[in-house]
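Colleague: Residue numbers (UniProt numbering), protein chains in the order written: chain A, 1 to 272; chain B, 1 to 272; chain C, 1 to 272; chain D, 1 to 272.
Read the hints as simulated data drawn from the structure, not as lab findings.
Note that the list lumps identical chains together, so a pair holds whenever it fits in one copy or between two copies.
Cut-off 20 Å, straight-line C-alpha distance, at most; resulting in silico cross-link-like pairs (SDA-like, lysine to any residue):
{"#": "1", "residue 1": "K259", "residue 2": "Y8"}
{"#": "2", "residue 1": "K95", "residue 2": "R27"}
{"#": "3", "residue 1": "K95", "residue 2": "P66"}
{"#": "4", "residue 1": "K201", "residue 2": "P45"}
{"#": "5", "residue 1": "K35", "residue 2": "R49"}
{"#": "6", "residue 1": "K83", "residue 2": "A136"}
{"#": "7", "residue 1": "K187", "residue 2": "Y199"}
{"#": "8", "residue 1": "K201", "residue 2": "A43"}
{"#": "9", "residue 1": "K95", "residue 2": "L19"}
{"#": "10", "residue 1": "K83", "residue 2": "W263"}
{"#": "11", "residue 1": "K35", "residue 2": "Y89"}
{"#": "12", "residue 1": "K44", "residue 2": "V202"}
Computed from a predicted structure; not experimentally measured.
In case you want the letters, here they are:
Number of protein chains: 4
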Amino acid sequence: MAGSKYAYVRRFELPDNLLPGTHIVFRLDGHAFHKFSDEHAFAKPNDLRALELMDHAAQRLMEEHPDILLGFGESDEYSFLLKKSASLYNRRSAKIATLLTSFFTSAYVYHWRDHFPDTPLRYPPSFDGRLVLYPANQHVRDYFSWRQADTHINNMYNTTFWALVQQGGETTTQADATLKGTISSQKQEILFSRFGVNYSKVPERFRKGSVIVRDLISEPQPESNVEGDGGHTHSPRKKRKDKSKPQYTIQILHCDIIKDDFWLARQHLLED
Amino acid sequence: MAGSKYAYVRRFELPDNLLPGTHIVFRLDGHAFHKFSDEHAFAKPNDLRALELMDHAAQRLMEEHPDILLGFGESDEYSFLLKKSASLYNRRSAKIATLLTSFFTSAYVYHWRDHFPDTPLRYPPSFDGRLVLYPANQHVRDYFSWRQADTHINNMYNTTFWALVQQGGETTTQADATLKGTISSQKQEILFSRFGVNYSKVPERFRKGSVIVRDLISEPQPESNVEGDGGHTHSPRKKRKDKSKPQYTIQILHCDIIKDDFWLARQHLLED
Amino acid sequence: MAGSKYAYVRRFELPDNLLPGTHIVFRLDGHAFHKFSDEHAFAKPNDLRALELMDHAAQRLMEEHPDILLGFGESDEYSFLLKKSASLYNRRSAKIATLLTSFFTSAYVYHWRDHFPDTPLRYPPSFDGRLVLYPANQHVRDYFSWRQADTHINNMYNTTFWALVQQGGETTTQADATLKGTISSQKQEILFSRFGVNYSKVPERFRKGSVIVRDLISEPQPESNVEGDGGHTHSPRKKRKDKSKPQYTIQILHCDIIKDDFWLARQHLLED
Amino acid sequence: MAGSKYAYVRRFELPDNLLPGTHIVFRLDGHAFHKFSDEHAFAKPNDLRALELMDHAAQRLMEEHPDILLGFGESDEYSFLLKKSASLYNRRSAKIATLLTSFFTSAYVYHWRDHFPDTPLRYPPSFDGRLVLYPANQHVRDYFSWRQADTHINNMYNTTFWALVQQGGETTTQADATLKGTISSQKQEILFSRFGVNYSKVPERFRKGSVIVRDLISEPQPESNVEGDGGHTHSPRKKRKDKSKPQYTIQILHCDIIKDDFWLARQHLLED
Numbered sequence: 001m002a003g004s005k006y007a008y009v010r011r012f013e014l015p016d017n018l019l020p021g022t023h024i025v026f027r028l029d030g031h032a033f034h035k036f037s038d039e040h041a042f043a044k045p046n047d048l049r050a051l052e053l054m055d056h057a058a059q060r061l062m063e064e065h066p067d068i069l070l071g072f073g074e075s076d077e078y079s080f081l082l083k084k085s086a087s088l089y090n091r092r093s094a095k096i097a098t099l100l101t102s103f104f105t106s107a108y109v110y111h112w113r114d115h116f117p118d119t120p121l122r123y124p125p126s127f128d129g130r131l132v133l134y135p136a137n138q139h140v141r142d143y144f145s146w147r148q149a150d151t152h153i154n155n156m157y158n159t160t161f162w163a164l165v166q167q168g169g170e171t172t173t174q175a176d177a178t179l180k181g182t183i184s185s186q187k188q189e190i191l192f193s194r195f196g197v198n199y200s201k202v203p204e205r206f207r208k209g210s211v212i213v214r215d216l217i218s219e220p221q222p223e224s225n226v227e228g229d230g231g232h233t234h235s236p237r238k239k240r241k242d243k244s245k246p247q248y249t250i251q252i253l254h255c256d257i258i259k260d261d262f263w264l265a266r267q268h269l270l271e272d
Numbered sequence: 001m002a003g004s005k006y007a008y009v010r011r012f013e014l015p016d017n018l019l020p021g022t023h024i025v026f027r028l029d030g031h032a033f034h035k036f037s038d039e040h041a042f043a044k045p046n047d048l049r050a051l052e053l054m055d056h057a058a059q060r061l062m063e064e065h066p067d068i069l070l071g072f073g074e075s076d077e078y079s080f081l082l083k084k085s086a087s088l089y090n091r092r093s094a095k096i097a098t099l100l101t102s103f104f105t106s107a108y109v110y111h112w113r114d115h116f117p118d119t120p121l122r123y124p125p126s127f128d129g130r131l132v133l134y135p136a137n138q139h140v141r142d143y144f145s146w147r148q149a150d151t152h153i154n155n156m157y158n159t160t161f162w163a164l165v166q167q168g169g170e171t172t173t174q175a176d177a178t179l180k181g182t183i184s185s186q187k188q189e190i191l192f193s194r195f196g197v198n199y200s201k202v203p204e205r206f207r208k209g210s211v212i213v214r215d216l217i218s219e220p221q222p223e224s225n226v227e228g229d230g231g232h233t234h235s236p237r238k239k240r241k242d243k244s245k246p247q248y249t250i251q252i253l254h255c256d257i258i259k260d261d262f263w264l265a266r267q268h269l270l271e272d
Numbered sequence: 001m002a003g004s005k006y007a008y009v010r011r012f013e014l015p016d017n018l019l020p021g022t023h024i025v026f027r028l029d030g031h032a033f034h035k036f037s038d039e040h041a042f043a044k045p046n047d048l049r050a051l052e053l054m055d056h057a058a059q060r061l062m063e064e065h066p067d068i069l070l071g072f073g074e075s076d077e078y079s080f081l082l083k084k085s086a087s088l089y090n091r092r093s094a095k096i097a098t099l100l101t102s103f104f105t106s107a108y109v110y111h112w113r114d115h116f117p118d119t120p121l122r123y124p125p126s127f128d129g130r131l132v133l134y135p136a137n138q139h140v141r142d143y144f145s146w147r148q149a150d151t152h153i154n155n156m157y158n159t160t161f162w163a164l165v166q167q168g169g170e171t172t173t174q175a176d177a178t179l180k181g182t183i184s185s186q187k188q189e190i191l192f193s194r195f196g197v198n199y200s201k202v203p204e205r206f207r208k209g210s211v212i213v214r215d216l217i218s219e220p221q222p223e224s225n226v227e228g229d230g231g232h233t234h235s236p237r238k239k240r241k242d243k244s245k246p247q248y249t250i251q252i253l254h255c256d257i258i259k260d261d262f263w264l265a266r267q268h269l270l271e272d
Numbered sequence: 001m002a003g004s005k006y007a008y009v010r011r012f013e014l015p016d017n018l019l020p021g022t023h024i025v026f027r028l029d030g031h032a033f034h035k036f037s038d039e040h041a042f043a044k045p046n047d048l049r050a051l052e053l054m055d056h057a058a059q060r061l062m063e064e065h066p067d068i069l070l071g072f073g074e075s076d077e078y079s080f081l082l083k084k085s086a087s088l089y090n091r092r093s094a095k096i097a098t099l100l101t102s103f104f105t106s107a108y109v110y111h112w113r114d115h116f117p118d119t120p121l122r123y124p125p126s127f128d129g130r131l132v133l134y135p136a137n138q139h140v141r142d143y144f145s146w147r148q149a150d151t152h153i154n155n156m157y158n159t160t161f162w163a164l165v166q167q168g169g170e171t172t173t174q175a176d177a178t179l180k181g182t183i184s185s186q187k188q189e190i191l192f193s194r195f196g197v198n199y200s201k202v203p204e205r206f207r208k209g210s211v212i213v214r215d216l217i218s219e220p221q222p223e224s225n226v227e228g229d230g231g232h233t234h235s236p237r238k239k240r241k242d243k244s245k246p247q248y249t250i251q252i253l254h255c256d257i258i259k260d261d262f263w264l265a266r267q268h269l270l271e272d
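The shape of chain A in the complex, shown without the other chains:
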């Protein structure tokens, strides 16, 4: 074979398999999205089109990869939970991380026009991704609580900040100074007293981020629970390819995932 004398270079490709028996969390983040959102005139503090495009790409990714059970998105980042027993690509770390990041990116660009019909994409956006292993269920719960708590903190800040700028006439520097050192209740007070905004009425999508969950059809979830914690269900997509495979739906919610309710109603997320 003409190439065989060079084939030794493959020996430098070292294995990078992930530890078995651990939950895999895949998180991706927009690369240089501050500039990207400016260039494409994203609305502040939240651009509904941009968030829905993120959700759309995430949903496509979960349809493509049945090992992903859950997604959580806020702003330009998304986290995904792969089931503990996932054996895709023999759990090779780089293979999984690059392929998931690639597909998400691809879907984001592919569906751009569906969500931004009047805003041409000016250049190719990109994302970086990483995998993190969590040995125990509690770690997974705490990981997603961490992200949703972060969503809350960021959205509270941004909502108040942009109210001060857009409605209060402050410069961004002034708004920064106004908010420096304030706690949550003070920001809510500013919003209410100066701008008549009741923060608890801000859409849950903005306050709680997006939750995409793969639910089994054969073991239907108590939907009342979901409503109970404030989730609004959008466009459940059913997948019924093959009777021998598990039947599931993929739903986008905007509900609390810190408290127990969400998880108690979906024990399949953590128990293989």
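Position chains B, C and D against the provided structure of chain A, taking the given hints into account.
Modeller: Positioned in the frame of chain A, the structure of chains B, C and D alone reads:
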């Protein structure tokens, strides 16, 4: 801080920095491109539009990341050489691999219509990527020789195979059987005697793949060398952002990179 | 500083911290112990002095490192369980593996004469070690079951093999052939019918290996349980350095660790 | 097989092979040797017996492992260079690091009485070890220069410090204060003016550490070079097992390894 009690989950993110002082090769491959090329009716054995789109995405990637000195592409794969001293993202492995894969994918989808104006993209394509470290210059030379030798072997096979099918009227099963066990000279003989094709006249792009090289302007390359080994230069793009930064061009060639000439004319590729 | 221009070489020392929240198992094996046991005329199939020396070294290691909760030894290998929350040396993999291997080796050579008063050590013996991470309690249970099942299989084979050779007058080649393809009950039958040996009367040390367990004094273990599963307690060593630190004993047992009893009586081994 | 249902636990043993084509440096350090040297009344600032025991253990290690070409020791640490093409244990990192550390430790304890005939070993000493990969020859040169420069700095400090204490009657606190902020020439001045010690006459073993080098017999080294850079050769041990294997000697020197001479005379150390 509301989220602080969950922040311990970050401790599960383990460092993955690449060994310093080594050449980094990044290779990406199309995921499920057999199906993708069928669905989008790629011409066989080579689809010029698809190859040019790969080159275009690769070129965009090299414009985005100055640490990439060289690219080599064939079919649905591309390899890139990062300079030995590259310190992007503190040489964090997953960060680099996912970001480069993501940007390439994004550029591929973004520029699809430039190359396939009459073929709508039917679904989001994706790629996987990996990083391999090579300690010595000779390893890098042998890596790229390996890929170009592979290009040669694959193209010789595919060219003969599809001639047998498209012009010779064989089924794909028959063509497979006809070629089984044949060596290079026998395939050339089939091409010439049965189809009047002189393999050495097949375009170099198909026989040698695509070479994208970052050349320094301040140390201009002897272009006669490049012509000498059969390279055809397309659309050199100059980058002149800032006088304090190195000035370079990025060129797409289709030339031999196994022999010494290419490398002797570009010693900056291997010597930092 | 005279050496500072060379200090950059430290940047090649890459981090290798173990994933938090996982059980750490450390296993060491004698290196070239077939030759070592021949050179020092170890008794076959089991040399009590050699096994007690292994246990002694293991016990010293557990006294030295409070993070080790459990040890299991057979022949020239020993496995140790470190508690899930162990943070020794910041969970740096090479540091832990080399230090534990080194101390065990050191204690083995140091105590040689206590166990082999009439056999001078002819050359320095050595061991290799490795760390394996187990995310779940069941993995840990199965790991130690794997080792104890292995002990059983090996000892059954060796006991019968050496009876055939030492008492039956077979050559080692003949004994190998005699045992080829036999199952457990057939070996027991050979032992009993030809050599009058009731395998179940073979000392538990040989049939079950050695179990070294760190038990908390403040929560005394139900000793009846231990007796119940056949464990014989040797020389419990109490450690009472400091009232503020946990008080524990380290005991050597030769009992079943596959069934539940051992673990139910020692829930501190798996629950931090 | 009785144990087979547990054998899945082996899948948690992940590969850890070292990148091929790189120089491997193995460094080990005494664990808690401050206490160990106190307990065994090591002479200050240098205990000749302790240093010779370290050299002895290192020499045994190099005799055991032909892939080790060079050793450098000071105080309670030793570094070893394995050849770039070394393939021992398939370059598995933990296997190599633990085995080398174990053997060194074993030899240290085994030979203790040869060097400390009047000082019984009070407890088992231990060492930790680590592997570092260096891609280029210059990195290896700089690594060993780093260690020898460190030897010089430490020995200069310790020699002066203990002169102040042992001959100058200062307390250790006073000696610390006396030396604070002093540079090399000032320490030499203190030694000479107060204690009549010419630092350049301090034995090279203390000023330069120990160098153990594997020299090929078939390509005899120019011994005049070695003398020329001040090395004193002790007891060269020749190894002539097998005519088909390379013939070499292992020598202990106390010479400069920062300048070029040492390396020019031994090009086999860096060129496979």
